[in-house]
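J.: Quick one: dock chain against chain with the hints and give me the complex.
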Amino acid sequence: MNAVNLRKPLILTVVASALVGSLTISSVSASAAGDPGISATEIVLGMQLPETGPASPGYNKVDDAARAYFDYVNSKGGINGRNIKLVVKDDTYKAGLTISTASKLINEDKIFAFFGSIGTQTHVSVIKDINRRKIPDIFVNSGYSGFYTDPKKYPTTFGGLGTYTVEAKILGKYLQEKHPDKKIGILYQSDDFGRNAMAGLITSGLKFEAKKTAASFIAGTQGSLGLVSQMSQLKANGVEVVIIAAVSSATAVAYATANAVGYKPEKWAVISVGADATTFQTILGARKVPLATSAAMLAGTISASHAPAPGDEEDEYVKAFKKINDEFNTGADKRWDNNVMQGMNIAYLATAALMGADKKKKLTRAKLIKYLENKGSKLSSAAFSPLAYSKTTHEAFTGYWIGEYDAATVLQPVDGKRVVYTTDSANGPVTVSKYERPAISADALPKVA
Amino acid sequence: MKINKFKKLIATVGATALISSGLVVAVAAPAQAADPVCVTDSNAGTITCNGTLSTGAAYRTIVPNSFDGTFFFWQHGIRPSYPYPGYVPPRSVEQMAPAGAVDTSKDMLRRGYGLAAFDCSTGGLHGWNTADCVEMLNELITITKARISIKKTVVYGSSMAGAVLTPFMDKYPDAADAVGLLAAVTPTIDNQLKSGCDLFYIFSVFFDPTIKGCAVMGTKGVPGHMAVLGDFAKVAALLTQWSVDLGSKPLAYPAPLVGSGIPQRSALLLAGLIAGIPTKSSHMDGISTSALIPEQSINGTVAILENAQEFLGTAYFGGQAVSEVVGAGFYDNTKTDFAALLSDADLGRFNLGLSGDDAINAMLGMLAMSPRVTGDATALAKIAALDKSKTDTNKPVILLSNEADRLVLPGNTTLYLKRAMATYETRLAAWQKEIDAAKSVADISKLLKSKPVWNTVAMYAMTPETYTTFTATGAPNLTATAAPSGVGHERFTKEQLLTWVHLLAKSAKSGKVPGRNSLSSYLERTPYLNTDLDYQATELKYED
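From first to last, the protein sequence lines stand for chains A and B. Quick note on numbering: the first sequence equals residues 3 to 451 in the numbering used here. Quick note on numbering: the second sequence equals residues -17 to 526 in the numbering used here.
Okay, chain B solo, but in the shape it has when bound (with noise of 0.2 Å):
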């Protein structure tokens, strides 16, 4: 078997040698923002202006003669800080709109869209920043609504994004009319980092002792950029050689399951249902079998895999950008009880792939015995507190993400939405509670105009059903077409993110997400989004 991913996963391993070589530059921040430097471009219609932030961050702003008043503000994901092969940190705006795969700012430029989009970086550096992306944002929002005349405000943003916005709308509520998160982290990070960490530690436990996962997260700058590199690298070579012999063989670590017969396989997916990774993958369905992979939740191991190897560096880096914010020790796992973290669901579908009864109460037999990691309690607490909102905007909010995302986990979205629904429902109650005590018509009239309304929807980019394909040999074939919807991060078809984009606007205009029938048809003419309106994606394994 070959995938190919895997080598620019590996070649990244030489990052190394670039950080030491002394590539990273800090850049010093202006003291106040420029007025920024505007181009017509009477062929496209359109006239960008390029200017920086009193951060001394990049931003451009792109508006195009038919502008019709509703102005898109882009806050991108998380950007590494530091060089590596195939990577270079942003030193200017890279996407002025939803791109991935493709490009939608074109489109929406023709759709009359203004268009504003920033570099999020302090002092020339990215990471985990997102208290000063808010500050950012609403600074490019003010001086943007000074300079032109803007009737309706959506702020929008992917992944990270999500740890930005949330709050943002928190901080200023009025700053936007909607507010749109794609693939995105609601709002903290949290709850999934522990899940990677999970992974990274039940990897320690069960393949490579020498393994720290999260552990090796903390040291500021360069050195601790190259301490996760290290890491980094070991798990790699186990996807490496995953990639190679399906995990065939057996356990080698640890000492009491040596002889036991489990074969890596078992772990593998065991750590992945622990963490919460989907079973489904680019070219994995979770369903499918062949020779070779004669059994559904050997299809659903090989797609842990391949979304592990897609999840590995940006886990490492972001957990690293997180940890320069809060500082090393932000995981302990010494209460963690991983048995708990297996569903019932999945203990029933995959007990196969696991080895069955006898093998899983064996794995998690030992990791209840492993050594645990005892996180720092300043950390813990910064990180408790990171990106904290109330998630109690009234403004229209809609998401989209994908049924498989292999990073920020669709649970987030799922998390999101229980969120906002009670704070709803409080707000509702409180609403009701007036409404009984109210005494006259008069009183009863004034309160129907302020009713709590439901402003949130939450929308999904679904896999086909089935779509797997093999080789010749009966190995999956991981260098096909990839699954057209539902898989990777930030990645969406064109025509997903623009219905998405074109409800924001919508829902910005009107004040109010649409209804369930107006929805409803917009999802039904957009190939793979989700036309169950109830669809709810797997938990987060954590939701604190």
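Pulled out of the complex, with its shape left as it was, chain A reads as follows (with noise of 0.2 Å):
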């Protein structure tokens, strides 16, 4: 046989790709229309959070602060005329609620991404799911770097919060050259996002000692149980420096508690996602305890972040984002703060990595994911840091500076100047970021090339 009779005819070719191609479509699968979620009006996004429950303080702001942004869009014409639509479900922080509530989002409101969604404990029960079914899960508000770093067990998956290992790892640093003659310990909750920054916090070359300068509590018994033997464990032990890696309500339990028992650490630190000052001002508040007080009792906490602080007023995306927030956020409780800020720079993301996917108006779930992996991590937004997306990593942002928060509850840099760290999820130095952060755009709109 030569190779000319090997060499089928274009003709045929045609034929088969095109007969096969439509019996495929119709015996398998179900995009034959195209993705679910995306019309020629309309993208939409679903977000899962604690809207209600006891865990819902602070985060129940974020939703509203993406959706303002989002209307912000949509109000200067959308992604090339689509209008981005935000629908939210209250998973009260319980697991069971989050996998019923991610198949009605899927189902019934036929959602194109997953976006925002809040919660460790929460996403590890839908994560596989969403990633079996190729859906996007963008920007999740958990540092839990083992949703990220490895992309091939979830390739749908990115971040939108540095991870808590890449920041503890900065945090642990900083302790150790700050208060290196300082018994430091800490309070950590049992779960993914405690052990994370447990391990971060290791690799910075911190050491901790098992019911001693290391006490932990199961997540979600802070508010029933207390911290009393935590705290008491910690004082017991002559901790000077205790870091917190827990959820904001326990870091005002533990505050709280601290106090009850007379315990006075020369230092707290906080793991950044456990410590917005208006989430533990309310959690506080509603134990009876007075603004002035709590603002005393947070001030002189050490966290890091990977954005400006809400309350830095000279800050371009503060300003820009603190006139969509009045503008746009209808929420109930709209008072501009971490949360809020953090909802508004990740609708920003998504809008860009939205728009830099829908090239030719041809947005799809893969074209998203491409998208972000291949052109991710030139994107900017309000953080000091860009995110760190590639093929190998999904993890968002890479750097933190350390601050301290002041009688005002606003974060400050230590030092009176803000330094910005970063380092990876593994064994990688902590080193002084070179990153400039871009300015933003006079209509805060993302610029993408």
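Since the hints were made in silico from the structure, they are not lab data. The structure displayed is predicted, hence computed values, not measured ones. From the three backbone atoms N, C-alpha and C, an ideal C-beta is built for every residue, glycine too. Please note that a few of the clues may not be correct.
[Said to hold, decoys possible] Here are the simulated SDA-like pairs of lysine to any residue, each with C-alpha atoms no more than 20 Å apart in a straight line:
#: 1; chain 1: A; residue 1: K136; chain 2: B; residue 2: A327
#: 2; chain 1: B; residue 1: K231; chain 2: A; residue 2: L227
#: 3; chain 1: A; residue 1: K112; chain 2: B; residue 2: G241
#: 4; chain 1: A; residue 1: K130; chain 2: B; residue 2: G241
#: 5; chain 1: A; residue 1: K213; chain 2: B; residue 2: A327
#: 6; chain 1: A; residue 1: K106; chain 2: B; residue 2: K231
[Unchecked claim] Short derived list, chain B residues pointing at chain A, Cβ under 10 Å:
#: 7; residue: G105
#: 8; residue: I269
#: 9; residue: S272
#: 10; residue: S279
#: 11; residue: F320
#: 12; residue: A322
#: 13; residue: D326
#: 14; residue: D516
T.: Written out as structure tokens, the structure reads:
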């Protein structure tokens, strides 16, 4: 047989492809008419978060903030003429409801992508199924590195926060340098969040001793059981600097409990998702602690941030987002804080990603994922760090600056100057970041090449 | 708290007395099938024929006056061979069509379908006689087709029937035009039995070291049955205690964990999660909370408890039935990594119910260091080969499972689907190669007619989002009306069953399962069937 005979005529290939293609689509494919959640006029995103329940304070503002930014984008013409619609489901931080509400978002609301879902314990219940269905799961509000560092495991999931490991490594290094002679201990919740942060702190060189300088509690029990034994343990072991790796409600309980047992560590340091000032004050307010008192309790606390402090009135992103929040946020509590800032920022990034992936108005789920992997690291936002997205990691921000809460509950850079440190979720060193954040455009809309 | 079903559970322990009194009677099989005796019921508009197969097993056919040419052949699930209180082994056809809480036979006859069923017994005994059932089913189809003009044949069945019908289609690929698998083992019981044995083993580590679990199974006949009953009673006693105290007492075993403060409830939850027992049950939705059930994972734990009480009897007697086929020692956990069987999702979701990281580590550490069960090589080889199937029928196959089936886990359906898809993709790739190699339009046209077709549909009966009710004290009300759908074994609504049956008939006629749009319309019309066509149940822990 010669080479010519092996070559199939072009016409045959075309005929076969056409016939085979049509049959294949009719027999197995669900997406012949395009991905769900996207039409000529709309892109539907879905978010899961605790709108109500014990874990809701603070976090229940993120959706309103994000929606405010999307509404602003829509008022400017949307994404190539398509409005962004954000559908939110309240899972009350109960994983059983996270599963059922995810199903509703997929099947009833027909979302195009999950966006900004909040909660490590809850998201872990649905992440596998979301990825099995190849639905984009973007800007997840969890810093658990296990969601992002192995894109083969979760190819459609992308972070919306820096990982707890990255933040903890940076915070741990700072504390060791700043307080070399102090006994440093930790209070952490025994779940993926706490364990992840603990891993980062240990990687930074800190050492903890179980039942002595390391106190843990089971996530979810802080409200009902309190943290008396944990705070008493740290006090009895002479811990002078207490790191907290827990949600905001636990941070507030920890401070109140320490106060109650007469424990006054020299310094508190809190992983950022547990250090939101308004949440802290709201929770303590519910325990009849006056605002002035809770502000005084928080003052001096060390934390980290990947973005400007919400109280940084001079920051151009803060100014722009705050203005949009004032004009477009229709939520019950639109007070400007970390949660609102985060909601706005991930909405800004999502807008950029949708714009970038929608070239020629042919947005698909696969294109969005491909875009984030290939171009995500070029997207800018309010963060002082780029997204680390690539084909080998879906981690978000890898840079944090260290701050200290002042008497007005504003996180101020330590030593008066904001220095951004960067590292990875593995064993890489902590170094000073050279990233220069691009300016926000005058219309506060992302500009995507 | 009161759990009525425990009464029945514990009553079964008394079976020992009955067995030892010699109530078990073996029936000799006749050499060949006799002609059936037929009766016409003019009021019902049916002709019913009763006969016996060549093995001596009883069969029955019912044909309505309005017979449309489609005949359904029903394969029942497992039936223990030995009597115990509340259960008498069948000696004749007891089920003509999918039943359980509802009977569908009259509705099916009204729709013009012919019905056939048989009592799959071997020498008067039942148990895990799947290989015999395959032959009996074939005989029933053959003799019925010889007697009645049948246009389309549907084979369908529940539970153990999966281990009959799937190999049946391997062996007799053209005997049926459609296959229905209801809450079915698909097809090997080996995977799920391992999980059941894991559950009993973990019970032996944390609650009662005298529990032998699957290691007690394997002796044939009544003595083996009695040995199983004894072990069963120990586990039943534990479940009874937990039904009263919700497992709140601290672990009393093993010695290293005594004084750890870990409640028995957490070890029960761990055992259930490792074994893959659903965390939704007839009364517990895994979500709702109350003063006494303050956290969702405790709800899930009570669900495992409720499921375990229903699961227990069948698991023991089912396991014993399998062991009578493959021999003692079919369970081996010398290489089992129990920590790996606890999924990331469960670890995150149920951290509180498991009493936190320290308790989890302590319990998993205990499991890692506990003496293991060593199986018998011959029995292990036999069970690995039991009811194997290529899962490659090209006939329409429609599965229906409960989202939280407490006995035949819905992961069986997921596994069937995976295997069917793998087979389909292999065929498709081979076909594509042929297309690529085709040299003429005529060749291509010919090949297009033989394009492999994806011909499998999995349907699920779902639970409502929440349905747990609590008593005035905050205790879960386990005597309330059960969830309307999605729980229990072989428990479906009549609408769900009839939708399944209708789709089977439709598929048998067309040779293809309904397309997505058509399927969607049926699912949406039937309360609590999954409207999510891409829904996938939790995977089995073992998928060998």
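J.: Under the constraints set out in the numbered hints, which ones does this structure not fulfil?
T.: Numbers 3, 4, 5, 6, 7, 9, 11 and 12 - these are the hints that the structure violates, sorted from lowest upward.
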